[in-house]
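Next come the chains, spelled out residue by residue.
There are 2 protein chains.
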Amino acid sequence: MKNICIIGCGLLGSSLLRRIHKKKLAKKIFIYEKSKKNLKKIKSLKLPGIIVKKPEEAVVQSKLIIFCTPMSEYKKIILLINNYLTPNHIITDIGSSKLMSTKMIKKTLKKDIFWTSSHPIAGSEVSGPENGKEGLFENKWCVLIKEKKFNNKHILFLRSFWKKMGSKIVIMSAKKHDQIFSITSHLPHLIAYNLVKSAQDFEKKQKYNILKYSAGGLRDFSRIAASNEIMWRDIFFANKENVSKAINLFINNLNTFKKDISKKNNKSILKKLVQTKKVRSKIIKLKQDINKPNFGRD
Amino acid sequence: MKNICIIGCGLLGSSLLRRIHKKKLAKKIFIYEKSKKNLKKIKSLKLPGIIVKKPEEAVVQSKLIIFCTPMSEYKKIILLINNYLTPNHIITDIGSSKLMSTKMIKKTLKKDIFWTSSHPIAGSEVSGPENGKEGLFENKWCVLIKEKKFNNKHILFLRSFWKKMGSKIVIMSAKKHDQIFSITSHLPHLIAYNLVKSAQDFEKKQKYNILKYSAGGLRDFSRIAASNEIMWRDIFFANKENVSKAINLFINNLNTFKKDISKKNNKSILKKLVQTKKVRSKIIKLKQDINKPNFGRD
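Taken in order, these protein sequences are the chains called A and B. Per my numbering, residue 1 is the first one in the first sequence, and the count goes up by one each step. Per my numbering, residue 1001 is the first one in the second sequence, and the count goes up by one each step.
It is possible that some hints are incorrect.
[What the hints assert, rightly or not] Cut-off 30 Å, straight-line C-alpha distance, at most; resulting in silico cross-link-like pairs (DSSO-like, lysine-lysine): (1) B:K1041 - A:K146; (2) B:K1267 - A:K41; (3) A:K207 - A:K34; (4) B:K1212 - A:K140; (5) B:K1146 - A:K264; (6) B:K1271 - A:K37; (7) B:K1212 - A:K175; (8) A:K259 - B:K1240; (9) A:K207 - B:K1245; (10) B:K1204 - A:K258; (11) A:K282 - B:K1292; (12) B:K1240 - B:K1264; (13) B:K1076 - B:K1041; (14) B:K1245 - A:K41; (15) B:K1040 - A:K271; (16) B:K1023 - B:K1175.
[To be verified] Footprint (simulated), chain A over chain B, 3 or more residues, beta carbon under 8 Å: (17) 1229 to 1243; (18) 1275 to 1283.
Worth flagging that the hints you see were computed from the coordinates, not collected in a lab. For every residue, glycine included, the Cβ atom is placed at its ideal position computed from N, Cα and C.
Produce the entire structure from the sequences given, and follow the hints as far as they go.
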């Protein structure tokens, strides 16, 4: 039981904080948080942990360092703590794309320091420490990134750590991670943003008030379009090559679909609609979603 | 209190049946249902109502006739009942697109018979009588279609009827209806189908098992992609012109977004992400969705 340092205490950072505290996994938990708004919330929520003004203060006293900031903040903070890092530090982050951040980290980090990246699939449309919860990672996947050069001790440590957070662990390369999540996460998010934007464009042009009819489908998409904008900008920029490929694949499918409906191609449309339906059952079997109609929200 | 005839007893038909029975709104409720599977379910669920073998049997004894079948079934059934209809019959349907069905109905219906179309926004990814419920329409919008030629008595009757179902009423033309729902409902559904299809294409090509990571966003879309395929084929075909326009608007937005991320256009991306976020708050304020993170399903 050693000290842990959490850098960035929003939704995910504060959830880790709560869980580590509850399970008594650290002697001391240090928190570095840049945003004054979040600091105020952390205090008024009476969250556990010791708030430090400079990340290096916490780093020198901690064994495990977890970056929970938007990815665009990593570099600045690495440069602040670089001289205080030792090969014994276990460093990880919870960023949603890996290839580009891995490259930047390798370039920026002092020699002989290891960084073992994590990605817990536990995001939400809400953010901030007030929305964190101790059970956020329960039964969720956490991807651990294993590159050519890796520190096995650190991977084993983090595997055990995330298990204590409640997660199920899978290990893969940054490349594979970024490909998979460009489809299962980044594409759905950008689609949601662009669908909502299209609805706004339509409203402006037609001067109809259409949002009150959003229960027909639009409201599902609006949920993930409400996610944190800084975090998502960082993800889209960092994974832009895979994301562009995913957009192209998707636009091709849309164009074929458009042709099919304009030609009333019954067979082709029905085949598609039936096939995609099966995916929902698979997702529910994989326990990635609940089985209640309308997510049980009605 | 007169008799009501429900033609097609799936999710919506059986929900109407339950509500009408509970509120004692009809002396007799007749049900015409083609599918043997659904008939079996209706019997084993011990739903109220009198099952008829031919729709005309029920029509001659009813004041209100409600079509709850997929739209592609309307014509066949109209031809069966046409000679039994009188101007006193109040006829409606619950179809999700209006322009094309209105035209077909006008063409097919006997002279002097009125058909006043309805669209309760109460669909779900589940179908069949086993999923119907008495409260399905509670606090949901129901669109009543008013065309140039209309029967005001019938509109007033149906307004009162849907209010008793629990709905809030809005009246508009078929043209406006089909434009609005091409954006708030038809586009989201076809996007969901095509996103799920893109994920399947990716799985086949890359041979990765990606569905287990669907909690990152994909699972939201898979819900509406699980909707009834016959109903949705009918909607896409019937509203193909508005739907094609909606696809074009959406693809334009996707292409601009792709350019923005490839150029790392920070300002433009952030503006979009922030603006679309506001729509979520509006939808929640309009009581079209609940305010719980992840729809409260975690």
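Subject >> Violations among the numbered hints, reported as their numbers in ascending order >> reply: 1, 3, 12, 14, 16
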